[in-house]
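J.: The numbering of the sequence shown is UniProt numbering, which starts it at 1 and goes up by one.
Because the hints were derived from the structure by calculation, they are not lab data.
Any given hint could be a false lead.
[Said to hold, decoys possible] Straight-line distance between alpha carbons at most 30 Å, and here's what the computed DSS-like set of lysine-lysine pairs gives:
no., residue 1, residue 2
1, K639, K626
2, K506, K449
3, K247, K449
[What the hints assert, rightly or not] Beta-carbon label-pair distances, calculated as ranges:
no., residue 1, residue 2, range
4, A377, S422, 18 to 28 Å
5, D451, A377, 46 to 56 Å
6, Q208, L307, 57 to 67 Å
7, L307, M202, 43 to 53 Å
8, V550, R585, 14 to 24 Å
9, D69, D191, 49 to 59 Å
10, R595, S531, 24 to 34 Å
11, R246, E367, 29 to 39 Å
12, T254, I127, 35 to 45 Å
13, R183, D451, 47 to 57 Å
14, T254, V234, 30 to 40 Å
Idealized CB from N, CA, C, for every residue including glycine.
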Amino acid sequence: MNRSQLHATIPNYQLPPSEDEVSPLDLWHNVTSNKRTFFYILSAFVLLALIYTVFAPPTYKANVLIQVDQQQASALGALSDVASALDMNKSLDGELDILNSRAVIGTAVSATHADTAITVDNRFPLIGALYARLNDSTSTVAPAPLGLNSFAWGGERLALEKFVLPPSMYGKKLYLTITSPDRWQLEAHDDTVLTQGRVGEMLSFPVQTDDGVFDAKILVAALTGRPGTRFELVQVSEQTTIETLRKQLKVEETTKDSSMIQLSLKALDPVFAAKFANSLARAYVALNISHRSEQARLSLKFLSGKLPALRSELESSEDRLNRYRIATKTIDIEDQTEALLTQSAALVKQGTLVELNLEAAKAQFNEFHPSVKALQAQKAAIDALESNVSREIQKLPSTQQDYLRLARDVTVNTQLYTALLSNAQQLEIAEAGTTGNVSVIDFAVPPEKADWPKAPIVIGAGVVGGALIAFIVVQLLASLHGSLRDPLQVERVANVPLYAVVPTSKGQATLVKASRRKRQPAALLAESDPSDPSIEALRSLRGTLKFALVGTASNVVLFTGATQGLGKTFTSANFSYLLALNGERVLLIDADMRRSGLNEYFPGAKEGGLAEVLAGSVSLRDATQKTGTDNLHVLSAGKRVPPNPSELLERPTFTELLREANEEYDYVVIDSPPVLPVSDAVTIAQQCNAVFLVVRSDVTSARQLTETINRLQRARVTVSGLVFNGFSATRYGYGYGYGYSASSVVDRDETRSVA
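With the hints as constraints, model all of the structure from the sequences given.
T.: Have a look at this one:
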């Protein structure tokens with residue numbers, strides 16, 4: 001049989017461009033082929049997402065809005081040039097760092113006692129926390145269901161005003177139990193009673209440490225809960241608390257260059273979240289005011305140190321000028337000299353102010369700071385102008401030069417002293433009235449809704465994550481199984497001619513369902529719907545069967561497969577029916593004595609079947625039964641499963657049975673057990689002239705097919721051809737079809753009513 005004859009039996013479809021290429025349709029079909037696995041994994045992830053949404057402790061987020069006025073210098077407006085030079089504006093990034101600093105967070109921790117974690121310890125197992133959350137919004141203690149008063153069911157509160165423990169007890173669990181409506185008892189983790197007290201009462205109790213006895217303190221500010229409610233207290237160091245809260249804290253600029261900062265804190269307790277966020281904002285504002293007040297104080301201290309020396313210099317310069325006037329009897333000066341005096345005095349004043357600013361700046365910054373460099377550049381420019389004025393003064397007569405220098409000293413010292421004295425007075429007021437350049441616009445309020453978990457996001461993530469994991473798993477399963485799905489791939493793997501590609505039939509599925517529902521034998525698809533594409537494929541097999549039987553003395557045809565569930569019974573039954581319709585006398589033998597399949601189509605004979613014939617208890621003629629189709633007889637597997645099917649098939653009676661059947665019928669079609677589970681099929685195949693392997697799409701793997709062929713070949717059995725069953729062309733996007741109407745080629749003889 002040549003290759004052109006072979007492929008004439010295969011429906012036309014377009015082969016994918018590459019044998020190893022994986023198309024999206026292949027991936028999708030892997031999902032549909034393992035849809036149960038995919039669904040189970042997806043359902044598991046969605047279920048976990050639902051469980052997490054319901055049982056995960058909710059997290060609440062409290063927000064504070066802060067405004068930073070970077071231009072504000074003081075509540076009284078701008079001071080002097082000196083004060084302005086000392087008021088260096090910070091960038092908003094620096095403000096964010098300050099909000100995250102240990103100084104600010106540590107102050108808030110101390111104010112809110114955030115270093116002590118308080119939880120209710122006697123919740124009902126599993127559902128107690130969920131029940132408490134549903135009842136925690138009430139202002140009173142939730143009633144105990146079913147009289148279970150020994151458990152806490154929601155609404156319990158414990159607030160500590162003071163709680164001081166030695167560092168050696170950080171991280172250790174202590175338990176505070178309500179003994180009466182306003183009394184409590186504190187116990188160690190080993191149930192040792194440490195102290196007892198009343199709400200609002202400050203108590204001290206001794207704690208033994210390695211360094212001696214530590215005087216621990218506790219003050220319970222508020223206590224709500226029924227007697228027997230137990231709270232767990234765990235105190236940690238301030239540093240640990242700060243690092244933990246930093247992870248829960250988010251500080252960011254609302255929009256770029258907006259001067260607005262949003263502070264957000266996430267916590268399990270909505271009241272604590274709002275309380276700590278507000279405390280943090282207040283600590284930040286207080287630190288800002290303190291810092292700015294400190295700047296004013298330092299500036300005032302600097303000026304106060306300069307004023308006495310400057311006053312002394314002013315008095316000294318006035319004395320020198322008066323003595324010079326008396327000695328030289330000089331009262332008025334020329335206009336040119338007066339102009340030089342004014343210019344020189346102004347430059348000396350500016351130079352002195354710059355020197356003061358430079359000295360103050362060097363006290364705060366290093367010499368490479370931009371402010372220091374800018375002041376140094378100003379001083380150099382003023383010195384250059386003073387040099388020019390000095391050269392003009394040297395051109396005057398000596399008397400006028402001396403007078404000008406003395407008068408300039410008096411003028412400059414007077415202006416400097418007056419200016420610095422005014423600045424000092426303003427700084428005194430500024431120190432007392434500084435309000436800072438930050439303000440809280442919106443304080444936090446306890447959030448009513450949890451920020452996390454958000455059901456849509458969690459469930460959506462569960463669906464997406466489950467679908468992704470399920471997709472990967474089914475692809476791995478498909479890859480490990482290596483199931484065959486391409487007809488030409490089957491032929492390449494087996495190196496055996498492919499005689500027919502049988503597509504999936506919806507009509508066959510309908511017939512099987514109807515049979516099981518009515519509890520009666522199923523109708524043959526070739527009889528009920530002769531135009532079905534799968535029957536057309538078997539007609540192609542019938543037309544090419546003679547090529548497989550060329551040169552043989554008998555016409556015994558075997559249909560088998562690697563495993564169960566491949567459709568060999570469907571193929572052998574409908575194929576036999578088509579042979580019978582073609583006028584051939586056909587005997588269909590059910591050789592699967594372990595798990596008969598033909599009894600779904602043909603009920604067994606009362607006299608027995610193959611098992612009884614091989615055992616010698618009944619003859620072939622008596623065991624053979626007629627069907628509703630002329631020329632088609634059936635030999636069932638037998639009335640019961642024999643204990644030794646393989647031994648029965650190896651007896652000479654089986655060879656004699658086939659010889660007798662071959663003489664009586666034109667074709668003997670055998671439906672055998674699968675090859676890999678049992679050896680029956682190999683034994684039967686040795687007696688047959690044509691052996692066809694049924695391969696099912698997405699079920700048979702390449703390894704199974706290869707091993708099946710190898711087993712048959714080791715028994716000196718040649719596989720005549722393959723039947724590829726269950727193929728779905730549209731599933732893979734192939735252009736599948738015959739190019740003509742199937743019903744138009746059905747023989748009238750085949751559709752006639754046969755008695």
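J.: Now, for every hint given, state plainly whether the structure supports it.
T.: Status of each hint after checking the structure:
1. K639 <-> K626: Holds: K639 and K626 sit about 17 Å apart, inside 30 Å.
2. K506 <-> K449: Measuring from Cα to Cα gives roughly 53 Å; hence the hint is violated.
3. K247 <-> K449: Between K247 and K449 the Cα gap is close to 21 Å, so the pair holds against 30 Å.
4. A377 <-> S422: 18 to 28 Å: 27 Å, holds
5. D451 <-> A377: 46 to 56 Å: Taking Cβ atoms as reference, D451 and A377 lie about 53 Å apart, which means the hint holds.
6. Q208 <-> L307: 57 to 67 Å: This hint holds: roughly 60 Å between Cβ atoms.
7. L307 <-> M202: 43 to 53 Å: 50 Å, holds
8. V550 <-> R585: 14 to 24 Å: 20 Å, holds
9. D69 <-> D191: 49 to 59 Å: At roughly 56 Å between Cβ atoms, D191 and D69 fall inside 49 to 59 Å, so the hint holds.
10. R595 <-> S531: 24 to 34 Å: 31 Å, holds
11. R246 <-> E367: 29 to 39 Å: 35 Å, holds
12. T254 <-> I127: 35 to 45 Å: Holds, since T254 and I127 (Cβ atoms, about 41 Å apart) stay within the stated range.
13. R183 <-> D451: 47 to 57 Å: With a Cβ separation near 37 Å, R183 and D451 fall outside 47 to 57 Å, so the hint is violated.
14. T254 <-> V234: 30 to 40 Å: 36 Å, holds
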